Each structure stands twice: as structure tokens, then as C-alpha cells.
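Here is what each chain is made of, one letter per residue.
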Amino acid sequence: MRDHMESVSMTESNESAEAGGDTGLEVARRVVDRLRARLRAAIRGRDETIDLVLTAMLADGHVLLEDFPGSGKTTLARALGESVREDSGIEGIAPFRRIQFTPDLLPSDITGTNVFDVETNGFTFRRGPIFAHVVLADEINRTSPKVQAAMLEAMGEKQVTADDTTHALDDLFFVIATQNPLDLAGTYPLPTPQLDRFLFKLVMRHIAPEAELEVLDQYPTPSLVRAAELPGVSRSEVIKARRAIRHDVRIDPLFKQALVDLANALRSDERVLQGASTRSLVLSLPALQARAVIEGRDYVSPDDLEALAPHIFEHRIECAAGIDDAAAVVRDCARGPIEALAQVSLKKSSTK
Amino acid sequence: MSARKESKKTRSPGRVPGQPSGRALGFAAAREPWLATGARMIVHGVTAAVFSWPLTVPEAVVAAAVGSALGALSARFVAASKLRLGAILGFGVAGLFAVFFIGGLWGRTDIAAQALGPGQALRVGDALEFSLAAFVLSTTLRAVTLRRAALSAIEVAFIALAFGQLVVAHQDGAINRPFEIADPIISGGSDPTIALMIIGGVAAAVVILLLLSERNIVRGVFHLGAVALLLVFGLFVVGLMPEATVPETGGGLGLRGDDGSEEQRRQEQAGRRNNEQLEFRDNYDNAQNRVPVGVVLLHDDYSSPTGVYYLRQGAFSQYNGRRLVAATRADVDRDIARGFPTSPTPITDAPDESFFRGSIETTVALLATHNRPFALEAPVELRPEPNPNPRRFKRLYRARSAVLIADHISMLGLPVGDAMWSDEVLRHYTEAPPDPRYRELAERIIIGLPEDLRDDPVARALSVTQYLSEEGTYSLRSRHADADDPTGSFLFGDLTGYCVHFSHAATYLMRTLGIPARVATGYAVDEASRQGGSAILVSGQASHAWPEVYVDGVGWVVMDVAPQTVLSAPPGPPDPDLQRLLAELVRGQQPLPIDGEAAIDLGGAVRDALLWVGRGLGVLALVAFVFVVLGRLWRRSAALFAGDAASRVVYRAALDSLSAVGIRRDYGESREAFARRVEGLVPSFGPLTGGHVAAHFGASTDAGEVGAADPRALFRDVRRELRAAVPRRRRVLAILSPWTWLFSR
Numbered sequence: 285m286r287d288h289m290e291s292v293s294m295t296e297s298n299e300s301a302e303a304g305g306d307t308g309l310e311v312a313r314r315v316v317d318r319l320r321a322r323l324r325a326a327i328r329g330r331d332e333t334i335d336l337v338l339t340a341m342l343a344d345g346h347v348l349l350e351d352f353p354g355s356g357k358t359t360l361a362r363a364l365g366e367s368v369r370e371d372s373g374i375e376g377i378a379p380f381r382r383i384q385f386t387p388d389l390l391p392s393d394i395t396g397t398n399v400f401d402v403e404t405n406g407f408t409f410r411r412g413p414i415f416a417h418v419v420l421a422d423e424i425n426r427t428s429p430k431v432q433a434a435m436l437e438a439m440g441e442k443q444v445t446a447d448d449t450t451h452a453l454d455d456l457f458f459v460i461a462t463q464n465p466l467d468l469a470g471t472y473p474l475p476t477p478q479l480d481r482f483l484f485k486l487v488m489r490h491i492a493p494e495a496e497l498e499v500l501d502q503y504p505t506p507s508l509v510r511a512a513e514l515p516g517v518s519r520s521e522v523i524k525a526r527r528a529i530r531h532d533v534r535i536d537p538l539f540k541q542a543l544v545d546l547a548n549a550l551r552s553d554e555r556v557l558q559g560a561s562t563r564s565l566v567l568s569l570p571a572l573q574a575r576a577v578i579e580g581r582d583y584v585s586p587d588d589l590e591a592l593a594p595h596i597f598e599h600r601i602e603c604a605a606g607i608d609d610a611a612a613v614v615r616d617c618a619r620g621p622i623e624a625l626a627q628v629s630l631k632k633s634s635t636k
Numbered sequence: 041m042s043a044r045k046e047s048k049k050t051r052s053p054g055r056v057p058g059q060p061s062g063r064a065l066g067f068a069a070a071r072e073p074w075l076a077t078g079a080r081m082i083v084h085g086v087t088a089a090v091f092s093w094p095l096t097v098p099e100a101v102v103a104a105a106v107g108s109a110l111g112a113l114s115a116r117f118v119a120a121s122k123l124r125l126g127a128i129l130g131f132g133v134a135g136l137f138a139v140f141f142i143g144g145l146w147g148r149t150d151i152a153a154q155a156l157g158p159g160q161a162l163r164v165g166d167a168l169e170f171s172l173a174a175f176v177l178s179t180t181l182r183a184v185t186l187r188r189a190a191l192s193a194i195e196v197a198f199i200a201l202a203f204g205q206l207v208v209a210h211q212d213g214a215i216n217r218p219f220e221i222a223d224p225i226i227s228g229g230s231d232p233t234i235a236l237m238i239i240g241g242v243a244a245a246v247v248i249l250l251l252l253s254e255r256n257i258v259r260g261v262f263h264l265g266a267v268a269l270l271l272v273f274g275l276f277v278v279g280l281m282p283e284a285t286v287p288e289t290g291g292g293l294g295l296r297g298d299d300g301s302e303e304q305r306r307q308e309q310a311g312r313r314n315n316e317q318l319e320f321r322d323n324y325d326n327a328q329n330r331v332p333v334g335v336v337l338l339h340d341d342y343s344s345p346t347g348v349y350y351l352r353q354g355a356f357s358q359y360n361g362r363r364l365v366a367a368t369r370a371d372v373d374r375d376i377a378r379g380f381p382t383s384p385t386p387i388t389d390a391p392d393e394s395f396f397r398g399s400i401e402t403t404v405a406l407l408a409t410h411n412r413p414f415a416l417e418a419p420v421e422l423r424p425e426p427n428p429n430p431r432r433f434k435r436l437y438r439a440r441s442a443v444l445i446a447d448h449i450s451m452l453g454l455p456v457g458d459a460m461w462s463d464e465v466l467r468h469y470t471e472a473p474p475d476p477r478y479r480e481l482a483e484r485i486i487i488g489l490p491e492d493l494r495d496d497p498v499a500r501a502l503s504v505t506q507y508l509s510e511e512g513t514y515s516l517r518s519r520h521a522d523a524d525d526p527t528g529s530f531l532f533g534d535l536t537g538y539c540v541h542f543s544h545a546a547t548y549l550m551r552t553l554g555i556p557a558r559v560a561t562g563y564a565v566d567e568a569s570r571q572g573g574s575a576i577l578v579s580g581q582a583s584h585a586w587p588e589v590y591v592d593g594v595g596w597v598v599m600d601v602a603p604q605t606v607l608s609a610p611p612g613p614p615d616p617d618l619q620r621l622l623a624e625l626v627r628g629q630q631p632l633p634i635d636g637e638a639a640i641d642l643g644g645a646v647r648d649a650l651l652w653v654g655r656g657l658g659v660l661a662l663v664a665f666v667f668v669v670l671g672r673l674w675r676r677s678a679a680l681f682a683g684d685a686a687s688r689v690v691y692r693a694a695l696d697s698l699s700a701v702g703i704r705r706d707y708g709e710s711r712e713a714f715a716r717r718v719e720g721l722v723p724s725f726g727p728l729t730g731g732h733v734a735a736h737f738g739a740s741t742d743a744g745e746v747g748a749a750d751p752r753a754l755f756r757d758v759r760r761e762l763r764a765a766v767p768r769r770r771r772v773l774a775i776l777s778p779w780t781w782l783f784s785r
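Each protein sequence line maps, in turn, to chains A and B.
Residues are numbered in our numbering as their position in the first sequence, beginning at 1, plus a constant of 284.
Residues are numbered in our numbering as their position in the second sequence, beginning at 1, plus a constant of 40.
In isolation and in its complexed conformation, chain A is listed as follows:
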């Protein structure tokens, strides 16, 4: 747990080099607008999920999607991957990779492995599917814990280690993992500390009938093809947007207090056996900033906290026996801090 916190701070220090210039937030908004348009063209009736996935990507987090087969997960991930144009010049980084997790998968199957090269008469590292901008980790709970561990390790540290050699993953590296909430036979459920690596856990519900009809109406043209017609973004733009969001979106110090209050409320709640980690609070800040940009603001508002808190904390807390709806618990615990944030804006002294 501790080492992951370090990895987070390390990631932050990597990016504190320089701000994105005068176009920082504008780049971010353009990235948001284009990605959103493309994803919405590809997937109908999932605007909210799309926004959250974009939030996670811009906040440099990963997403765990929990839904039923055929609900558009792969389409979403593929559309996202294909929307990001490679312009880094680094070889061997694919825009999109899909890894189907199965019980017989080995860690090296995803990270890559050293193979003997007869030309150089030595071992060279062959990159696994994890070296991509966007990785869809399908049915992550179907593989063995050691593969899960390798995957989650890579997600946390943005690097893989093979035979004592460390290979950095792409900066953009964004994972969308999925798991089926019902078909649990023969699975290896992710324990709570491992779930902690995911910024959001999103539960996708069946889309509205009108949206479903729209999906059918697009036949025979594949939606991905139509989405590809829209303008995309480049990898460096996304990286720039991420940096701009971290540095240019104003986040009032009160939000830090609110996050700490929320964590404490969760920890002292009777329904919660294990509360949220400190890492989750650190990860929350860029998420809040990302959402602010997605909502067209340059400042974090209490509304962001209200909207994101259930997704951030739901899978990180362990509820007491008999408590099924962790999201409801989080919403309950968030009321106090959000109310405090809402109240403060009416106070005279705090007016600017």
C-alpha cells in the first residue's frame, strides 16, 4: 500500500516540469470536446459513463467497469483508443490493446518477455499488450491472482519489470478493466486493496430504450467507423491536457478539508468495516479537477465532489455484513462535507 502512494507522488513529480502554456486549459477543453464527441458517436445512451471515463483518463486514473456482456465496453475502450493519435514517435506503442483475461494467462503474457535474438546474440524485451495508450482488460476477475497482481502493479507504477530490467509504460497508459457482476463461477474476485488501484468503479446499467433504438438504427454502418470520421486528439495533447488540469484548475483548500472529513466520516461509520485510504484522497484531487473541466469550469465545485464521491469511494470501502449498497453509504457520509462546502459560499467573510 505504502509503495503505491510513493508511486503516485513520483508520477506527480514527473509532471511538475512546466505548465502547458497559455493554451493549457483550452487544449484540455478541446481534448474533452473531441473525445466526448467521438465516444458519443460510437456509443449511444451512455453519456454519463463517457464523461466519467474521460474524467478518469484526464485524471491519470484507471476505470473498472462492471456490467453485462454486450453493453458496449469494448466499443467504448476501442473508440477511446482509436481517438488518440500516436505522435510520440516511440515504437511499439499501440493506440489500443484488448487483453482477454483467462485462468491460464501468465504475467509475461501481458507484460511482455525477454526473447533471445539471434542477431544480437542476446536477449531483447518483447513488449506485451500492456504497452498501449488504452488497454481494455476484459474480465479481469477471470485470471489468476498472480496475473492480476502483475496487471495492477503495472497500473500503479506505469512500468513493468522483466528479468531485473524495468520497462516504462507509456505516459498515457489508461486501463479500462471490466468484470461481470453476476457470472462469478470460476473467478478470482479482486480484493479491496487491489480495487484501490482503480480510480473509478462504474456500474453500467442498461441503456434507455430510445438510445437502444438509436443503436439499432445505425445498422449497417458500424458506429466505430462513423466515430472515426470525427476529429481525434493526439497523445501529446492528452498529456498536455492532464498537466493543465493539474495546474490550472483551481481547487479551493476547503475541498481538501472536505475530502478528509469525508474519509473520517467513512471510517467512523458503523456500516463500514474498512474506510477509504489516504491514497484515494490524493487521487481524488485530479479527478475533481478533471470533472470541473469536463463540466466546462476552471474551478472545482462542490458539485464535482457530490458527483464523483460514490464512484471514487464505493469500491474502496469494505461494508459490514448486511450492508449491500456501498454507494449509498458514501453518499450519506458525503452529505456533511458537501453541506459544509455549500454553506460556506453564503457566508459573508468568505466572499471575494
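What the hints contain is simulated information worked out from the structure, not anything from laboratory work.
In this text the structure is predicted, and so the values were computed from the model without any measurement.
Glycine included, C-beta positions come from ideal geometry on N, C-alpha and C.
Warning: the hint list may mix true and false statements.
As the list claims (entries may be wrong) - On the chain B side, residues computed to face chain A include the following (Cβ under 10 Å):
(1) GLU471
(2) TYR691
(3) LEU695
(4) TYR707
(5) ALA715
(6) GLY730
(7) GLY738
(8) PHE783
(9) ARG785
As the list claims (entries may be wrong) - From chain B, some residues computed to sit far from chain A (all C-beta separations above 12 Å):
(10) VAL139
(11) ARG688
(12) ASP757
(13) PRO767
Since the structure of chain A is provided, determine the placement of chain B on it from the hints.
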């Protein structure tokens, strides 16, 4: 679904102890909830005030209450400290000693008196001593109780004693006690019993508070239920026997016939009507029986030649083989009234006024239920009187009596019996036990008479009473009740007994000498107990039986025995204040205010208090209403004239407008979420909210940019949209309820 649970199960033993709640580790249990502490503070304060009330000045009473309440508060912290239980107790006792020592020092040294003046010094000293003592005592009691629940018995005992000592003086019908409670109330013309009941109610409320302040609410409710059951039971008992504490008639002398004795049953079987009779008892204890049973007002000054007022209620003249019982013949003892008068009732066979008898009017007020009237002997006429205080007095009647004004010596030479009597009546009054020893003793007694008086019946009777007075020993403990002839056992035995024995012995001896005699019962009150007043307070312990002789032309004359050797102390004089007070009440007067003190009208005081409370509440409500209306106007107008703070003030006014029609943000709902919720109704509220939130949370440079739209214009839009969306009656309602802005957030 099983997987999730499984993971939980396997992981829970190795769970990170991130949030050990205080409850789980048992910290919370040691702390008393604040509500309970508050309740116990009230309990201790009231108790301390009640306890110190009769003891000290008002300032010290208040000081004691405050000290006690603070002590109950400080006990919280003492109990949570690391002091051991023994140490707490030790400190408590030592602290009390220290306080009393300091108090004594204060009283002995004259520094304070010189500095403050004696009166002020006393007040300050008392206030200091009482408050400190109350503080120490309350702290100790509460802390000890908090540590060990079982020791709460000490606390409860202290509280019960404090209330008990306040009202203990009220027992035995002493309605004028305790003075400090009763005096002001009586002088105001009210009944102190009501005040005492209020005190009882306060005590009950205090006990209920004490029980409700249990740390465990279930236990508190359980205790409360127990108290409620006890109260219901008590009410039931009181309802069953309203006169349980006040005896009837003779006050336990055995003058009642409902003792279940054998004679009574035989009498009832024989169909006899009058079931009153005298009972011989071995252990007759009337020392406790100080309850007043009646008050007799003398309307003329009258001093009995014997120094004792005899209040006759019944007479026993029929010998039944063992003792004297009420006569079954209709033509004897007709001077005994059978019932209470409902109209002026002359007494048959009453003596006439003569040289020996003068007329005296008396008013008799019965405090206890009697089954027949009593009056100063010998009553001539009974008249009913209106009862000035039905709650206090059972019955009132006026009696005209032909009282003795001549002494027994002046009756020497008069014949006994009545020429009009038939032989049967005479035989009735002279029937004595067949035991020859009575006759022998009687003749031996009259030998002591001078020659010329030896045949005089009055002299003979007097010599009999004189003999018994000299030889007999008055004692409430005797051993004759089991004998076949208790009187014989007494007379020819140790001559130790009480009035029933003496009166029977005297009557029998007189009868064997041919003197018509009987035993009369009622109350005998020493003249000294009048204490210069005109009222005679009759208490249960004044019950008496005495021999009477019928002297021709004078009627039944009391010839009482006054034993010179007394083993049982005679009853003390009645409470003069109570006597005076009851007399005033009988006269139907309000007892005069004492020392010119203002009279306290209890009902009026309560009414006034309620009136003031009502006025106060009304004024408060008015002030609150004005505040609310002004507040609304101010917040509304601030939005129109706001300067730099426009966003905040205008947004607040918009919130007020929404609140007025019942649209309010929920707790924990963000402002934007609220704005989205009401978007359908008031679309302009969204931008207004956005501007407001941006002004507060946004970067200072961008604030103007984001909140570009003029908030006032948006506010106007909001109001216009509200008018369009909200029905008219809802808006009228909003005008009628100006307090809605208090709920906007």
C-alpha cells in the same frame, strides 16, 4: 454474490485496525450522557434547596441549590478521573468537615461581622457554608454513584431524606406545620395541605427525573414504570380508605364497637342496635395518637369546677355480666344524642339550669368522622351549623350545654336518683356484679367518712373516687383483660389500670352502695390546654371514660377518678398555634396575616405566574415575528442595493424566494445539483447558481468571466419564472409565512 462475502470472510481476521470505535473498546460506557447530567443537576439543585429551606436564609438556599447543581456537574469529571473510589469518599468527608470548620470559624471571628455588618455577615457566611457543603456532598454522591451503580442507593436515600425532613412535621394532623410553609399560606387563607401536596408532586417529579436520567434508557423506562405502578397503587389505597390516618370517635380507646370482640358478636346476634362498648385492654397505647379529632369553641367563658372539660359522647350503663355496655332499654340514658342534628334538636332528659348548672354555648367542629356528636356535658340542645371549610372539617354543630358551675361539695345532702324513675330504671342504674367483694370494699371505704356524711350518697360517691385516686395506679399497661371480671381483677388486684378500669370500678362500687351511676365516654380536656383562648383542641389521646352519678335536680354529675400514682405520662398540651388556627377556621375567618406580612394567595399567585408566562410568551412571539419580517425585508432589499457582494446577497435572496414557495435545497445537496433539480421550474436559477459558486470557488481572475451575467438580472428572471410556475394560492401562502427564509440554505 458468494464471492464477495467469501472475500470478506477470509479477510476480516486480518483487517487493518483502522477505525477502532470508542464504543467497542468501552470508553463511551464510562461517560454519562449530557442529558442525564443535566437532569441530575436539576435533581440535586432542587433537593439542596428543599433541604436548606427551613434551615437558613433565602440567599443561602439559592447558593446551596447552585452549589449542589455544580457539584453534580463536577462529579462527571471526578468520576472520570483516576481517583479511587475510597479516595473520592475520603475527600468528600474531609471536604465536608473542612467546610463546617470554616463555617464555624466564620461565625466565631468578628472580622466579617465588622466588615459587613452582622446581618450581612450571617447571610454571606451561610451562603458560603451551604453552597460549599452542597457542592462537596453532591460531587461525592454523584461521583460515587457514577463509579458504582449500586451506591446510587446512598444518593436516593439522601434525596428522599431531604424531602422527608421537610414535611415530617406535618404528620399527626398538624396542618400548621412546618411553619415556614404553612404560615404564609394559612395567612393567605389557603389550605397548606395543597402546598404540601405540591411539594409531594415536586418530589415525585424529582424522583422521576432521577430515574429517567438513567444512563440506560431502557432501565430508566423500566424504573419509571415501577414508579407509575406504585403511584397507581397508592392512589388506589388512598381512594379506598380516605380516612386511613384519622381514627373514628374514641381514637383507639376501644370506644368503638367494631373491634370484632365476642361481646359485640353476641350483641349483634341478639339484634341489639347500639354496638358501642368499652373494651378492656392490657396494652393501651395512645401516646402516638396526637391527631386532632375536633375543635370546641366556647362562646362564653366557662371554667369547670373540676378544672377539666368533659365532652360526653356516649354512656354505658347496662351490666352484661362482665362489664358495662350501652343500654338497650329505651327509657335510660336518653340524654345521649343518637345522631347529629339536622335541625335544632332539644336533648331529652337534659338537666335544667339551676344553682348548679349554667348555660354555655359551644361550637364543635369535627376533624375526624364520628358516628355521634359529643358536647360539653350536659348538652341541652344541638343545632347544625354551616361548615366554613368542608375540606378541613367533617361536620359542624352548635351545642347549648347546662354545665356544672358548682363543685361536688355543694351537692352534699342532695338525694341521688330521680323520683320519676321507675324501679326498673333504678335497678338498671344500680346493677353491679354479684361478687360480694365489691360490697365489702365499698362499705370499707365509706367507713372513712365522717359520721354525719356516712349516709350521704354524694359523699359516698366522692369517697369511692377518692379511694381509687389514692390507691390506684394509672398505667396504660395492665393485666386484666383476660379475666372473667376485668374490673374485679383490677380492683382486688394490683389496682393498676387506665380510665376504663377506674371508671368501671368506681361505678360498680357506687352501684353496690345504691347510688345510680354509669360510665360516660368522650373526651376529657384539661382546662389549662385552652391556654387563655376560647378554643379547645381535642386530639385522639384525650379520649376518656369516667364515672357519673345521677344527683337529683342536677342530673348526671361527673365524678372522675384522678389516680395520684401515674406510671404513664399524661398527654402534653396541644399545639397552641394549631389550636388557634383551627379555631379561626371554625369561626369561618381568615386567620389574620402575621406581623402585617402580605397575605399570599396561592391560587392568585399561580394565576399571576401563568399570566406573566403567557404575556412573556406573547411578547417573545411578537418580537420573533417582527424579527422574522424585518429579516425578510432586509435580505430582500439587500439584493436590490448590494454592491460588491452582489453575487452572494442576490443569490441568497433568490434562495429566499424559492424557500417561500417551499423549494429548498436538501441537506448535503450541492448547489448545482439543487439548481438542476429546479431547472424545469426556474431555468434562470442555474446560471445564477453557477455565477455564485464561481464567485466563491473559482479563480479570482476568472470570476467575472464565468459569472458574466448580471446576477440582479438573473434574479429578476428567477422571480418572473417563479411567478409563472407557482400557483397563486401558493404565493399568497408565502406572503403569509414570512419565516420561510429561516429555512433557506
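Quick rundown of the hints versus the structure:
1. Given the 10 Å rule on beta carbons, the hint for GLU471 of chain B is violated: about 94 Å separates it from the nearest Cβ of chain A.
2. This hint holds: TYR691 of chain B has a C-beta 8 Å from the nearest C-beta of chain A, less than the 10 Å allowed.
3. At about 8 Å, the closest approach between the beta carbon of LEU695 of chain B and any beta carbon in chain A falls short of 10 Å, and the interface hint on this residue holds.
4. For TYR707 of chain B, the shortest C-beta to C-beta distance to chain A is roughly 6 Å, which falls under 10 Å, so the interface hint holds.
5. Checking ALA715 of chain B against chain A by beta carbon gives a least distance of about 9 Å; that is within 10 Å, so the hint holds.
6. A hinted interface residue such as GLY730 of chain B counts as satisfied when its beta carbon comes closer than 10 Å to some beta carbon of chain A; here the least separation is about 8 Å, so the hint holds.
7. For GLY738 of chain B, the interface hint holds, the least distance from its beta-carbon to any beta-carbon of chain A being 4 Å, beneath 10 Å.
8. For PHE783 of chain B, the interface hint is violated, the least distance from its beta-carbon to any beta-carbon of chain A being 13 Å, above 10 Å.
9. At a threshold of 10 Å, the smallest CB-CB gap from ARG785 of chain B to chain A is about 7 Å, leaving the interface hint in force.
10. VAL139 of chain B, annotated as away from the interface, keeps every beta carbon of chain A farther than 12 Å; the closest lies near 44 Å.
11. At roughly 5 Å, the least C-beta separation between ARG688 of chain B and chain A is not larger than 12 Å, which violates its mark as non-interface.
12. No beta-carbon of chain A comes within 12 Å of the beta-carbon of ASP757 of chain B; the shortest separation is about 20 Å.
13. With a least beta-carbon separation of about 28 Å from chain A, PRO767 of chain B lies farther than 12 Å from that chain, consistent with its non-interface assignment.
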